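A.B. asks: Assemble chains G and A onto chain C, guided by the hints.
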Amino acid sequence: MSAVTLFGTLDALGTFVFGLSGAMVAIRKRLDLFGVLVLATATGVAGGMTRDLLLGDTPPAVFRSALPLGMACAAGLFTFFFGALLDRMQRPVMFLDAVGLGVFAIAGCQKALMLGLTPPGAILLGVITAVGGGMLRDMMVSEVPRVLREEVYALAALSGAAAYVGCLALGLSTTLAAVIGGALAVILRLASVRFGWHLPRAPWF
Amino acid sequence: MSAVTLFGTLDALGTFVFGLSGAMVAIRKRLDLFGVLVLATATGVAGGMTRDLLLGDTPPAVFRSALPLGMACAAGLFTFFFGALLDRMQRPVMFLDAVGLGVFAIAGCQKALMLGLTPPGAILLGVITAVGGGMLRDMMVSEVPRVLREEVYALAALSGAAAYVGCLALGLSTTLAAVIGGALAVILRLASVRFGWHLPRAPWF
Amino acid sequence: MSAVTLFGTLDALGTFVFGLSGAMVAIRKRLDLFGVLVLATATGVAGGMTRDLLLGDTPPAVFRSALPLGMACAAGLFTFFFGALLDRMQRPVMFLDAVGLGVFAIAGCQKALMLGLTPPGAILLGVITAVGGGMLRDMMVSEVPRVLREEVYALAALSGAAAYVGCLALGLSTTLAAVIGGALAVILRLASVRFGWHLPRAPWF
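Protein chains in written order, with full-length UniProt numbering: chain C, 1 to 205; chain G, 1 to 205; chain A, 1 to 205.
Excised from the complex, chain C in its bound form (with noise of 0.2 angstroms):
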């Protein structure tokens, strides 16, 4: 698969992940279907927005493609109608996160490489893209963002993006870094979560 072709699928899945657990938040604020399809496309879409400008590739892809806002409108309806299946799942919003974490973290590092960053601001633009959608979330909703509360996120999202650009450095393919690196962050989230991992706090407070 190309790197441009790789970049848009990871793009779309990402929003569609994040787009479902936007709407599950604001199906449990009892929000009404339209609340539910704006958050869900605020979710979906601010991680790719905010990369968008922050590499001055303006007006971001969401204004130049129906296939993010479709995307995303997808899953708000999916989750408004059917959203009980998802919801039968232990936590639903933290799996959708973390896939979402995983994608948006290669899909945002890649598309910076692509501009010509270098590895590190390349690395720090995925981990931005992957927090950003549920940042914002969480805010509008009035709750700390997941990328402080918990304990393993945005290290997650680190971690994922640096092995991609390692496997690249390797000579591996764009598509099978991106598998590598992708899946370290979604099972580094679940692992975490899983298995408690916590990392230390500050030993003099």
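Keep in mind that the hints were calculated from the coordinates and are not lab data.
Be aware that one or more of the hints could be misleading.
Since the list can't tell identical chains apart, any single copy or any two copies may satisfy a pair.
Simulated pairs of lysine to any residue, SDA-like, Cα-Cα distance not exceeding 20 angstroms [as the list claims (entries may be wrong)]:
| # | residue 1 | residue 2 |
| --- | --- | --- |
| 1 | K29 | R88 |
| 2 | K29 | S142 |
| 3 | K29 | D87 |
| 4 | K29 | L85 |
| 5 | K29 | H198 |
| 6 | K29 | R146 |
| 7 | K29 | T58 |
| 8 | K29 | R64 |
| 9 | K29 | M89 |
| 10 | K29 | E151 |
| 11 | K29 | R201 |
As the structure is a computational prediction, the values presented were derived from the model and not from experiment.
C.D. replies: Then chains G and A, alone, in the frame of chain C:
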């Protein structure tokens, strides 16, 4: 009226009414004079600043002309001294917010069209311009933004922007299209509050 | 010192002290090591990133140089291990925040002037650069930002930036103008807290 003049008029008007709404919220939160001016300015200029950032038109207009800042500060000072007049209205923040919503939906949509966005992209940008100021205002005072809480809010902005684009496509003048689109957004918003319209909630939750 | 060198020094210093303030807030909220680094980084780089976005200087400096990220992470690590030293000061977050406010007001104003903004636009950009980091920090932990809560905050940044522009207009060197402007902002801010200065509230509410 030319499209450019009309855009400038709408932009200044939207900045002023959103400035009034920000100042009212600040006064109710017992902020002092400068806090009132800060929240009036943030609410008044945030929508247009976001719009210009997303369109890549940097630095945003507020840094190049004294008009937006002047309108927002005038709104803040007016409310600070004579806000008792506004306060006699039943729900002044809601009303001013509705007018700002309608005006900025058209202003954002129109600037996007002038800069070459396609109609769907321009409508989306109109909605973001319209909801941006009020969203920052509410998030700064730690309230869940109206765009999520209230029934017909982003939907009103979306309807107004879509009507504006539709009227232009039918060959109406920009002024007439702006009046129709803006009025539709304001009326939908006010009517939804007056009559308690709301969209359905998720059937399964 | 040349204007460019001076700007770089101010920018690094502001990132460091805002990083310290973000890390202190994170530790008090019982976040773990990575959460501390995230909030230190967000607080340290948000002001400069907003400034660069608004000036259209993309990608922002933090993606092109290791310095800002390094300063913010160093601030986070220092606070994590040795924050007890800071904690002995009476109000460390307030003090560091005041220094960051003064330094970023001048750095933002100076970069805006270098990129051709008019003096009023440059002063406004200085204020936004100065308040941006602390605002994101406070909003991420669901607190009403200092810029609204506290009396002389944006006003201190505004005074410092205006003094800086005034000194340059009087023919002073950039270094001297920066010292005067920055010191004025910090002193005004600290004095307002020490002596409980505040501006009047709306007379009618």
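A.B. asks: Run every hint past the structure and note whether it holds.
C.D. replies: Evaluated hints:
no.: 1; hint: K29 <-> R88; result: within (18 angstroms within a copy, 32 angstroms between copies)
no.: 2; hint: K29 <-> S142; result: both (11 angstroms within a copy, 16 angstroms between copies)
no.: 3; hint: K29 <-> D87; result: within (14 angstroms within a copy, 30 angstroms between copies)
no.: 4; hint: K29 <-> L85; result: within (18 angstroms within a copy, 35 angstroms between copies)
no.: 5; hint: K29 <-> H198; result: between (28 angstroms within a copy, 15 angstroms between copies)
no.: 6; hint: K29 <-> R146; result: both (17 angstroms within a copy, 13 angstroms between copies)
no.: 7; hint: K29 <-> T58; result: neither (33 angstroms within a copy, 37 angstroms between copies)
no.: 8; hint: K29 <-> R64; result: neither (31 angstroms within a copy, 40 angstroms between copies)
no.: 9; hint: K29 <-> M89; result: within (18 angstroms within a copy, 30 angstroms between copies)
no.: 10; hint: K29 <-> E151; result: between (24 angstroms within a copy, 13 angstroms between copies)
no.: 11; hint: K29 <-> R201; result: between (31 angstroms within a copy, 10 angstroms between copies)
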